[in-house]
Amino acid sequence: MSNLPAWWQSFAVRGLAWRRGLDWAIENVPFYFHPFLVFFWSLFFFFFAGTAREAVVSHLRVILPGSLRITNYLRAFRTFRNFAWTLAETASYKMNQASFLCEVEGEEFLDRLIGAKGAIVLTAHMGSYDLGAALFTEKFRREIRMVRAPEPDKLTAQHVDLALEQVGAGAVKVDYSTDGATLSFDLLNALRNQEIVSIQGDRVLDHVASAPAELFGRKVSLPSGPFILSLVAPAPIYPLFVVRAGYRKYKIIVREPIVCARTERSREDDIAAPMTRWSRVLEGLIREHWSQWYAFTRTF
Amino acid sequence: MKNEPESSAGFYFALPRLFNLWRGRPHQVSEACVFEAYMGSVGIFGVTYLFAWVLFAGKISGWRMIFAAALLIPAVWVFWLLVLYINALFINFLHGKGLFRQITNRDAQNIYIGVILTAFALHLSILHGWERWIGIFCLSGLGANFLAMIMLVMTRKRS
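If you read the protein sequences in the order shown, they are chains A and B.
First residue of the first sequence: 0, per numbering that gives the first Met the number 0; consecutive thereafter.
First residue of the second sequence: 0, per numbering that gives the first Met the number 0; consecutive thereafter.
Extracted from the complex, chain B is given alone in its bound form (with noise of 0.2 Å):
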């Protein structure tokens, strides 16, 4: 007995949908894929962690720098829930005040953690270092998931 998850309505990566909308595979936004779920947690705790590392860590060296690598782990987990948190009670009161409604708080806070990665690439592609390449990388995969999920929002529309 195999039961197939469903699918749900949303845009979160929307690129490998629209591959599989090129290559006439079934393209509806499942949460059921491990990948895009481990890929996600990794690349937000990796440029996350990256940008704190340039901004705090960056000149110092020696034992100090081990600790400062140590202490920077749990700190990218606090602000992370911290902006989260700061997200939620931002989505509450635009909801309350009628505002972005049909908006789900996951897809609201979707729009809100794509802006802050962008930021944090944007900040690292500008540096001179190895840093920039991964900046560089990670503008171009937020780009051109974003120019996807308008392509496929225009998909639907037709159709």
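Next up, chain A with everything else stripped away, as it sits in the complex (with noise of 0.2 Å):
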């Protein structure tokens, strides 16, 4: 792959060709084209782009059994759409500054949310990450700090790091989960200052920190990070996930936080009842908005 010309590389399925093109479409398109737009390109990355495909219907087995393949793949499809949708609407939140309808559901944590001394979001890669910050820092005037994995084509990450700023016009804060243990102390100071962290956590990659749950009833490695991090700042966590509810609408969905508190058992065991409770919001989530979990990469 790497030994692929530049340009070449760029047309990968995470390249910047297709994310400078959703750009420049969101400019030049007037929108009642995006519909069109959306619907095609989402047809051409569920035909091309394999490996995500089949890891979103892998998903789908686990999480609606007995289904048929067939009706796992249209699924599938329908997921494929739904990320298209987030990418477009995000650039039009980007590049033409488009507004949406904002709904909550769990209004009084929300608001113990935005009033708290230091606390983590914790949240899944459902619907819109990016946007859902930046929608957040602009209604609730909170700075966010985001930890994200960064993109594996550098142009690419650059791309995504200006979107970002962009996006949360220098309220959101990015931070990158390879950054280590550099990144830990940085964020048990974030929290120490009062500020809200955003993590992602559903997903665990190779250099972030584990620990084993069940989700659907597999065994599966969750990260633990935020968890010791609750625990050592102290912290509460909240599960916040913004979901796309229809054309430009979206909902911030919070649940109840969960609290982690220290013990004299040892520290696995004292994130080991608040990872299960993780797990169990996470799994209702996914239960509910199956089609908006956006993960491309094989969990169970």
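No wet-lab data here; the hints were simulated from the structure.
Hints may contain errors.
Quick look at which bits of chain B chain A covers, simulated, 3 or more residues with Cβ under 8 Å [said to hold, decoys possible]:
hint : stretch
1    : 106-115
2    : 146-156
To give an idea of the interface, some chain B residues facing chain A are shown, with a C-beta separation under 8 Å as derived from the structure [unchecked claim]:
hint : residue
3    : Tyr11
4    : Ile43
5    : Leu83
6    : Ala87
7    : Phe89
With beta-carbon atoms standing in for the labels, derived distance ranges [said to hold, decoys possible]:
hint : chain 1 : residue 1 : chain 2 : residue 2 : range
8    : A       : Ser57     : B       : Ile135    : 46 to 52 Å
9    : A       : Glu282    : B       : Gly142    : 52 to 58 Å
10   : B       : Ser139    : A       : Leu67     : 42 to 48 Å
11   : B       : Phe92     : A       : Glu282    : 53 to 59 Å
12   : A       : Thr70     : B       : Ile59     : 31 to 37 Å
13   : A       : Phe10     : B       : Ile59     : 31 to 37 Å
14   : B       : Leu146    : A       : Gly169    : 30 to 36 Å
15   : A       : Leu67     : B       : Gly142    : 46 to 52 Å
16   : A       : Pro4      : B       : Leu81     : 49 to 55 Å
17   : A       : Glu164    : B       : Leu98     : 52 to 58 Å
Every residue, glycine too, gets a C-beta built ideally from N, C-alpha and C.
Given two chains presented individually in distinct reference frames, assemble the corresponding complex, making use of the accompanying hints.
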């Protein structure tokens, strides 16, 4: 892959060409053309991003057992289409300052989060992470620190950084999960400075600390970092998801905070119960919004 | 909590705006209307597909007809990608020459899309089959939208 010329690499599924093309389309094409383009580009990636498609289908087999294979492929296409919409709408927000309807489920928990003196927002690859962070900072006037996995393509990573800077208007600070120990200390400091830290807790990458958990009756590994951070800071964990509820319409779902309390037991034991609670919350949300769980690498 | 979308200037779908104006409802353009977004997309795809069908596949039959029907779907998509790109180059050329600089790229594309769609609808409207009614319906819609746009511009200038 790395031996290929740069211009050709940019056409890889996670390459820069597609993101640039999307920005161009949002800037140059009237809004009534967007459903047409989103549909066909979703179809294009559904056929050509085979690894991602098979990962989604394999997840659907576990989330909705007993379904026909063809049904799961159609559902996978729906997931791709939703993903394309979230990318397109994030670009619309960035390029055209488009406005969105925004509803909240779990308003009391959200109020507590907004007023919190240091909190961890635990979320998933669901709905729009980037747009969600931008909407959150815009509506509630609170800065947020996002932890995300870096894009594998260097140029795409630069493009995403710039896009996040634009959508967040300076209120969204981005940290990368590859930063290791430095990141842990930075996040701990941020929490002690009463900031909100947002982490995705549904996927484990090679360099990320993890602990065993159960999801849909299967043994999986989930990131343990947020729970250790919560224990050390100490700070509550707010499960929060931003799901797409329709055309230019998003829903912020906040669940009851999870508190990690230090006891005489080992650290692993202290975080076991909170992690189980998180996996139950995650499971419920994924079951309800399976078409917006953008886990394009195999989890089960 | 609910945040209403803002309205922006422009006249993509002027006809419903004019009806709203007459009924005393908000008539500023909003890009947040799902019905308009999908109606535009389905209309563009439908008319283009029908035009391409009449042009390339109207006289074939059997399995070749099924093959052509399937092939025309991505062909319409690729056609519009090329058209949008060529339009953008032309718009940039005009802007570079200092012409129509007050019109944004998207609004200029809207004009080009309207012209192309009108040409397709016009072609369909002079045929003898059922396709002509779709052409006539589309031309009527585009014409009414154009008139509504003029009326809205005049109303705005007066107020």
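Here is what the structure says about each hint:
1. For the stretch 106-115 of chain B, the stated coverage by chain A is satisfied: 4 residues place a CB nearer than 8 Å to a CB of that chain, which reaches the threshold of 3.
2. Counting residues of the stretch 146-156 of chain B whose C-beta lies closer than 8 Å to any C-beta of chain A gives 0; at least three are required, and the coverage claim is violated.
3. Because the closest C-beta pair between B:Tyr11 and chain A is about 6 Å apart, less than 8 Å, the hint holds.
4. For B:Ile43, the suggested interface contact is upheld, since its CB lies about 6 Å from the closest CB of chain A, less than 8 Å.
5. Interface restraint check: B:Leu83 against chain A, minimum CB-CB distance 6 Å, threshold 8 Å, status holds.
6. Evaluation of the B:Ala87 hint against chain A yields a held restraint, the C-beta minimum of about 5 Å falling below 8 Å.
7. Checking B:Phe89 against chain A: minimum C-beta separation of about 12 Å lies over 8 Å; hint violated.
8. A:Ser57 and B:Ile135 have their C-beta atoms about 50 Å apart, which keeps the hinted 46 to 52 Å range intact.
9. Taking 52 to 58 Å as the suggested C-beta distance range, the pair A:Glu282 and B:Gly142 conforms, at roughly 55 Å.
10. The supplied range of 42 to 48 Å is met by B:Ser139 and A:Leu67, whose beta-carbon atoms lie about 44 Å from each other.
11. The supplied range of 53 to 59 Å is met by B:Phe92 and A:Glu282, whose beta-carbon atoms lie about 55 Å from each other.
12. For A:Thr70 and B:Ile59, the hinted distance range of 31 to 37 Å is satisfied, since their beta carbons lie about 34 Å from each other.
13. Between A:Phe10 and B:Ile59 the C-beta distance comes to about 34 Å, which sits within the given range of 31 to 37 Å.
14. Roughly 46 Å separates the CB atoms of B:Leu146 and A:Gly169, a value that falls outside the hinted 30 to 36 Å.
15. About 47 Å separates the C-beta atoms of A:Leu67 and B:Gly142, a value consistent with the hinted range of 46 to 52 Å.
16. Range check, A:Pro4 to B:Leu81: about 24 Å between beta-carbon atoms, so the 49 to 55 Å window is missed.
17. Our hint of 52 to 58 Å for A:Glu164 and B:Leu98 is violated, since their Cβ atoms are close to 34 Å apart.
Hint check: violations occur at hints 2, 7, 14, 16, 17; the rest are consistent with the structure.
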